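S.K.: The opening residue of the sequence shown carries number 27 in the numbering used here; numbering runs sequentially from there.
Misleading hints may appear alongside valid ones.
What the hints assert, rightly or not - Each computed EDC-like pair below joins lysine to aspartate or glutamate, with the alpha-carbon atoms no more than 20 Å apart:
hint, residue 1, residue 2
1, Lys88, Glu130
2, Lys196, Glu29
3, Lys313, Asp257
4, Lys160, Glu149
5, Lys160, Asp198
6, Lys43, Asp58
7, Lys259, Asp161
8, Lys32, Asp257
9, Lys88, Asp112
10, Lys32, Asp161
11, Lys88, Glu69
Claimed, not checked - What follows is a list of derived Cβ distance ranges for each label pair:
hint, residue 1, residue 2, range
12, Arg301, Lys129, 42 to 48 Å
13, Ser344, Arg305, 28 to 34 Å
14, Ser57, Arg301, 20 to 26 Å
15, Thr286, Asp198, 18 to 24 Å
16, Asp267, Lys75, 23 to 29 Å
17, Thr286, Asp179, 41 to 47 Å
18, Lys275, Asp252, 33 to 39 Å
19, Asp282, Lys52, 17 to 23 Å
20, Gly211, Arg180, 24 to 30 Å
21, Thr286, Pro218, 39 to 45 Å
22, Asp48, Thr181, 17 to 23 Å
23, Glu130, Asp49, 29 to 35 Å
Note that these hints are calculated values from the structure, not bench results.
Here the structure is a predicted model, which means the values were calculated and not measured.
We put the CB at the ideal spot given by N, CA and C, even for glycine.
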Amino acid sequence: MMEGLKILGLGSAIPSKRVHNDDLAKLVDTSDEWIFPRTGIHERRFCEKDESAGTLAVKAAKEAVEDAGLKGEDIGVIVVATMSPDFSTPSLAAIVARELGTKEDVPVLDLNAACSGFVYGLEVARGLLLSTNKDYALVVGTEQLSRLLKIEDRTTSVIFGDGAGAAVVKRDAKTLYASYLGSKGDYSIMAPGIYTGAFDGFYEDGTENPEKQGEGVSAGKHEKLDHLVMDGKGVFLFAIDIVPHCIEKVLEKTGDSLETVQHVVCHQANSRIIRNVVRHMKADPKKFFENMEYFGNTSGASIPMALKDMQEKGLLHSGDKLVLVGFGSGLTYASAEIQYEKA
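Just need the whole structure built from these sequences, with the hints factored in.
M.R.: This is the structure we're talking about:
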């Protein structure tokens, strides 16, 4: 077991534009009756022109700091998890630091572990707190995935949404905490980046073409990649296998069980994944929070957004033990057991 972290404050930022499944049905061959049973999603939020991953990150960060009863100058580390930043540089973490008015000796960085990003961010923040001997860190998950989507591709356009969530955490040697992180190199989910011509070997849906392997890993693919693509079936099978594994591994480290923790908060990818995990682990479904119905899959933002939603609904109480589980592009996976303590 590691020197611990505990959550003191939470924040979120929800974009203005609500996009219901019925709205998508006007643009692509789909319907609410098709989408909801397969995903658990009725609607998602998209950014308006004056909103972005950056503006959402700042809003969520300010709310989390205030919720923790702190000021910007109290924050000693800032980590922002995102796969859709406003810029390649400066980092969104640097922009958040500027807007919060933090001191100059505060390490700030963005990381991209996609849907696992927030949990990765907790562990990176913990390490930076220890190495800098500071007490408080801000971890933000923020995404503007709508700008990476092609509405005609219903494999992704009906799934993803925009949003941000943030948590202020405090270093605490007496608090129970553990994490479990990992990855499995794969191309099941890909989004446009800076094309260099160095890669080749993929079909249109992002799956590997064996005939092209060995020629690099995707030159022709990247040249045509103009939106986020996903092998939905492959990701689903990965998720229903890795989520129970992540939960079991982190509980092994703390000595807790599903009976002794209060909540399990998984990345809000698909309600079918969560139901499958609950059934496989013979767990109490009431412990597994879901809110993808209203926000869709917001990648690295989904876990902190869910935590803030739970707080606002009165579901979180001081001393609650939380298991957080992320999984997504990379393929990455991550879990953490962390305690919530209302400031």
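S.K.: Hint by hint, note whether the structure agrees.
M.R.: Results of checking the hints against the structure:
1. About 18 Å separates the Cα atoms of Lys88 and Glu130, which keeps this hinted pair within 20 Å; it holds.
2. Among the hinted pairs, Lys196 with Glu29 is consistent with the structure: their alpha-carbon atoms are about 11 Å apart, no more than 20 Å.
3. Between Lys313 and Asp257 the alpha-carbon distance is near 29 Å, which puts this suggested pair outside the 20 Å criterion.
4. Simply put, Lys160 and Glu149 have alpha-carbon atoms about 15 Å apart, close enough for the 20 Å limit, and the pair holds.
5. As the CA atoms of Lys160 and Asp198 are separated by approximately 11 Å, the hinted pair is consistent with the 20 Å bound.
6. About 18 Å separates the Cα atoms of Lys43 and Asp58, which keeps this hinted pair within 20 Å; it holds.
7. The suggested pairing of Lys259 with Asp161 is violated, with an alpha-carbon distance near 42 Å, which exceeds 20 Å.
8. This hinted pair does not check out: Lys32 and Asp257 have alpha carbons roughly 36 Å apart, beyond 20 Å.
9. Distance hint between Lys88 and Asp112 is fulfilled; the C-alpha atoms sit about 18 Å from each other, no more than 20 Å.
10. Among the hinted pairs, Lys32 with Asp161 is consistent with the structure: their alpha-carbon atoms are about 11 Å apart, no more than 20 Å.
11. A C-alpha spacing of about 26 Å is found between Lys88 and Glu69, which places the hinted pair above 20 Å, so the restraint is violated.
12. A beta carbon spacing of about 46 Å between Arg301 and Lys129 agrees with the range 42 to 48 Å that was offered as a hint.
13. Distance hint check for Ser344 and Arg305: the Cβ-Cβ separation is about 31 Å, which falls inside the suggested range of 28 to 34 Å.
14. At about 21 Å, the CB distance of Ser57 to Arg301 agrees with the hint of 20 to 26 Å.
15. Checked against the hint of 18 to 24 Å, the C-beta distance between Thr286 and Asp198 comes to roughly 19 Å, which is consistent with it.
16. Taken as a hint, the range 23 to 29 Å is violated for the pair Asp267 and Lys75, whose Cβ atoms sit roughly 40 Å apart.
17. One distance hint, 41 to 47 Å for the beta-carbon pair Thr286 and Asp179, holds here, with the actual separation near 43 Å.
18. Hint check: Lys275 to Asp252, Cβ distance near 37 Å, so the stated range 33 to 39 Å holds.
19. A C-beta distance of roughly 47 Å is found between Asp282 and Lys52, which places it outside the suggested range of 17 to 23 Å.
20. About 27 Å separates the C-beta atoms of Gly211 and Arg180, a value consistent with the hinted range of 24 to 30 Å.
21. A hinted range of 39 to 45 Å for the beta carbons of Thr286 and Pro218 is consistent with their spacing of about 44 Å.
22. The supplied range of 17 to 23 Å is met by Asp48 and Thr181, whose beta-carbon atoms lie about 19 Å from each other.
23. One distance hint, 29 to 35 Å for the beta-carbon pair Glu130 and Asp49, is violated here, with the actual separation near 45 Å.
Hint check: violations occur at hints 3, 7, 8, 11, 16, 19 and 23; the rest are consistent with the structure.
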